[in-house]
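Engineer: Chains A and B, in that order, give the protein sequences. Quick note on numbering: the first sequence equals residues 492 to 795 in the working numbering. Quick note on numbering: the second sequence equals residues 492 to 795 in the working numbering.
If you're looking for bench data, these hints aren't it; they were derived computationally from the structure. Nothing here was measured: the structure is a model prediction, and the numbers come from that model. Some hints here could point you the wrong way.
Stated by the list, open to error - With a cut-off of at most 27 Å between alpha-carbon atoms, the simulated BS3-like pairs for lysine-lysine come out as follows:
#1 LYS571(B) / LYS571(A)
#2 LYS571(B) / LYS559(B)
#3 LYS598(B) / LYS559(B)
#4 LYS726(A) / LYS674(A)
#5 LYS559(A) / LYS598(A)
#6 LYS559(B) / LYS595(B)
#7 LYS571(B) / LYS559(A)
#8 LYS559(B) / LYS571(A)
As the list claims (entries may be wrong) - Some chain A residues near chain B, calculated using beta-carbon distances under 7 Å:
#9 ARG545
#10 VAL548
#11 CYS656
#12 LEU696
Positions of the beta carbon are idealized from the N, C-alpha and C atoms, including for glycine.
2 protein chains.
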Amino acid sequence: MNTSIVTGQQARLVSRNNKSHKAGTSGLAPGYLQANLIILPSRYANDFRNLCARNPVPCPLIAESATKGCDNAVISHIDKVRGDEILGEGCDIRRDAPHYMVYKDSKLEKSHCNDVVAEWTDDHVAFLIGCSYSFETALAAVGLPPRQLLLGRNVPMYRTTLRLCPSGVFQGGTYVVSMRPYKRRDVERVREITRRFGATHGEPLDWGWEAVERLGIRDIDGPEWGDAPMDVDGKRAFGETKKQKRSENKDDKDEEDEEEIPVFWGCGVTPQEAVMRAGLEGVVMAHAPGHMLVLDARDEDLAR
Amino acid sequence: MNTSIVTGQQARLVSRNNKSHKAGTSGLAPGYLQANLIILPSRYANDFRNLCARNPVPCPLIAESATKGCDNAVISHIDKVRGDEILGEGCDIRRDAPHYMVYKDSKLEKSHCNDVVAEWTDDHVAFLIGCSYSFETALAAVGLPPRQLLLGRNVPMYRTTLRLCPSGVFQGGTYVVSMRPYKRRDVERVREITRRFGATHGEPLDWGWEAVERLGIRDIDGPEWGDAPMDVDGKRAFGETKKQKRSENKDDKDEEDEEEIPVFWGCGVTPQEAVMRAGLEGVVMAHAPGHMLVLDARDEDLAR
Numbered sequence: 492m493n494t495s496i497v498t499g500q501q502a503r504l505v506s507r508n509n510k511s512h513k514a515g516t517s518g519l520a521p522g523y524l525q526a527n528l529i530i531l532p533s534r535y536a537n538d539f540r541n542l543c544a545r546n547p548v549p550c551p552l553i554a555e556s557a558t559k560g561c562d563n564a565v566i567s568h569i570d571k572v573r574g575d576e577i578l579g580e581g582c583d584i585r586r587d588a589p590h591y592m593v594y595k596d597s598k599l600e601k602s603h604c605n606d607v608v609a610e611w612t613d614d615h616v617a618f619l620i621g622c623s624y625s626f627e628t629a630l631a632a633v634g635l636p637p638r639q640l641l642l643g644r645n646v647p648m649y650r651t652t653l654r655l656c657p658s659g660v661f662q663g664g665t666y667v668v669s670m671r672p673y674k675r676r677d678v679e680r681v682r683e684i685t686r687r688f689g690a691t692h693g694e695p696l697d698w699g700w701e702a703v704e705r706l707g708i709r710d711i712d713g714p715e716w717g718d719a720p721m722d723v724d725g726k727r728a729f730g731e732t733k734k735q736k737r738s739e740n741k742d743d744k745d746e747e748d749e750e751e752i753p754v755f756w757g758c759g760v761t762p763q764e765a766v767m768r769a770g771l772e773g774v775v776m777a778h779a780p781g782h783m784l785v786l787d788a789r790d791e792d793l794a795r
Numbered sequence: 492m493n494t495s496i497v498t499g500q501q502a503r504l505v506s507r508n509n510k511s512h513k514a515g516t517s518g519l520a521p522g523y524l525q526a527n528l529i530i531l532p533s534r535y536a537n538d539f540r541n542l543c544a545r546n547p548v549p550c551p552l553i554a555e556s557a558t559k560g561c562d563n564a565v566i567s568h569i570d571k572v573r574g575d576e577i578l579g580e581g582c583d584i585r586r587d588a589p590h591y592m593v594y595k596d597s598k599l600e601k602s603h604c605n606d607v608v609a610e611w612t613d614d615h616v617a618f619l620i621g622c623s624y625s626f627e628t629a630l631a632a633v634g635l636p637p638r639q640l641l642l643g644r645n646v647p648m649y650r651t652t653l654r655l656c657p658s659g660v661f662q663g664g665t666y667v668v669s670m671r672p673y674k675r676r677d678v679e680r681v682r683e684i685t686r687r688f689g690a691t692h693g694e695p696l697d698w699g700w701e702a703v704e705r706l707g708i709r710d711i712d713g714p715e716w717g718d719a720p721m722d723v724d725g726k727r728a729f730g731e732t733k734k735q736k737r738s739e740n741k742d743d744k745d746e747e748d749e750e751e752i753p754v755f756w757g758c759g760v761t762p763q764e765a766v767m768r769a770g771l772e773g774v775v776m777a778h779a780p781g782h783m784l785v786l787d788a789r790d791e792d793l794a795r
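Excised from the complex, chain A in its bound form (with noise of 0.2 Å):
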């Protein structure tokens, strides 16, 4: 990790010079916001905001281009904060995420490409959604750091059969999940500590084992995006331990405190696959997973 990155506009700056983040923004300057980034025609603006509105937990707007094609400067969807405090002067939405992903007719075209000057058009609306970097920062700071981070892991993401609200050309698409173990007894802190980060997921949409099955979620150590979930020592896998060690303490009440269940958040790669899913015409851009775009905001601007 470069330490000497402080602030968005450095992490930005870098990016755009191609001097790039290889393992991805995670840590890069810390207490700034990173944003899920989505760019579409705008014939499907409308739609895609709407689709966000209607979905806020997993698909938290933060801002979109000022105007259509506008690829400098944002307008805010967060109370009382502007654009140009998301995004200052100076940033280049189009080179400033360290690789982008780039859709033609919704096959992929281009994979981890440094910019997309060559694709952006005058009719191109960029979204950024919020990410749960955010409420990590907040976690890790009370004594709670998410296991993966301790791990040097990615979160594990899972799709889930759970129904996104529909809005216009998207249809049919649900869910997607992060995952992050904590004990029992530790759920209600983590849910008060995550609230306040509303922009950025929130609190967590649901928790323990039977919520594996309510969610539908295929195999709890076969994320479908991320790394495969592990036990505190970094050894075992997560869900085969703990349906073990359930099944043998389950009368014992402390135990069952201490028991450590996953917990669920809404994930930004819900509205990349909504958007997957929709079958778009033209060309649709992304950031590279793990490769955001890092903001002028910071977490705390965006806690209500």
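Since the structure of chain A is provided, determine the placement of chain B on it from the hints.
Structural biologist: Below, chain B alone, put in the same frame as chain A:
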């Protein structure tokens, strides 16, 4: 119906003087917004506001008491609409709905009382939630009137298994949906018309016979609230006739387009159910079903 009542204020004054609209407020003061009313002890206000923010389709929050204990002014949760445009000077939230329900420690204490003057304290906060009457007017205006209006019945409402995103004390709740039958070929038009009414449930959240299963609806002909749905002639049950017709005509595209299918919207009973399920302590109040608070804002003021 009293045709001399043409404004929201007039409707409220009749309610206040207990010359009550016995059949409820449906059709009163056409074009004026009607609201579901939920009044909570202030310690639950943050969690409830957040519940609405996380689940805007079934729980569209329009406004709330201007301050704790305030019964005659609201602050708006709608962009570009002021609180005093929603409920103007002289309103009295304790008396201006035709009938109220009162719960103490989550048990029903009074049903259909004329006011809640005795129960209201300076610790209570009132919340106004959007109602689908708004978009029904718009549907009727383009020649797509909801079936139950034509038959003079109440809209059927169903409990579903689709879970709300939890918020603090409000956990484990599920969506309640309202249903209006439409021909398959009219669904896109119906979606388009209701989409603009984002502050009052917006476009449908699901449709078709498959949706009945996806939503975990027990019996399409036995709604949990409102009246059972009828076929177009008002004589046959909606569910059985349609299933039969479907199996007869399944290979005929034109017939398929003409087939009536159930179309589901988020329903304002959802937040009431969530409140009842939370087992709150103290005095909680609400309007009596169908006896809404009529506002000073017009449906069109809230359409995006």
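Engineer: Going back to the hint list, which numbers does this structure go against?
Structural biologist: none
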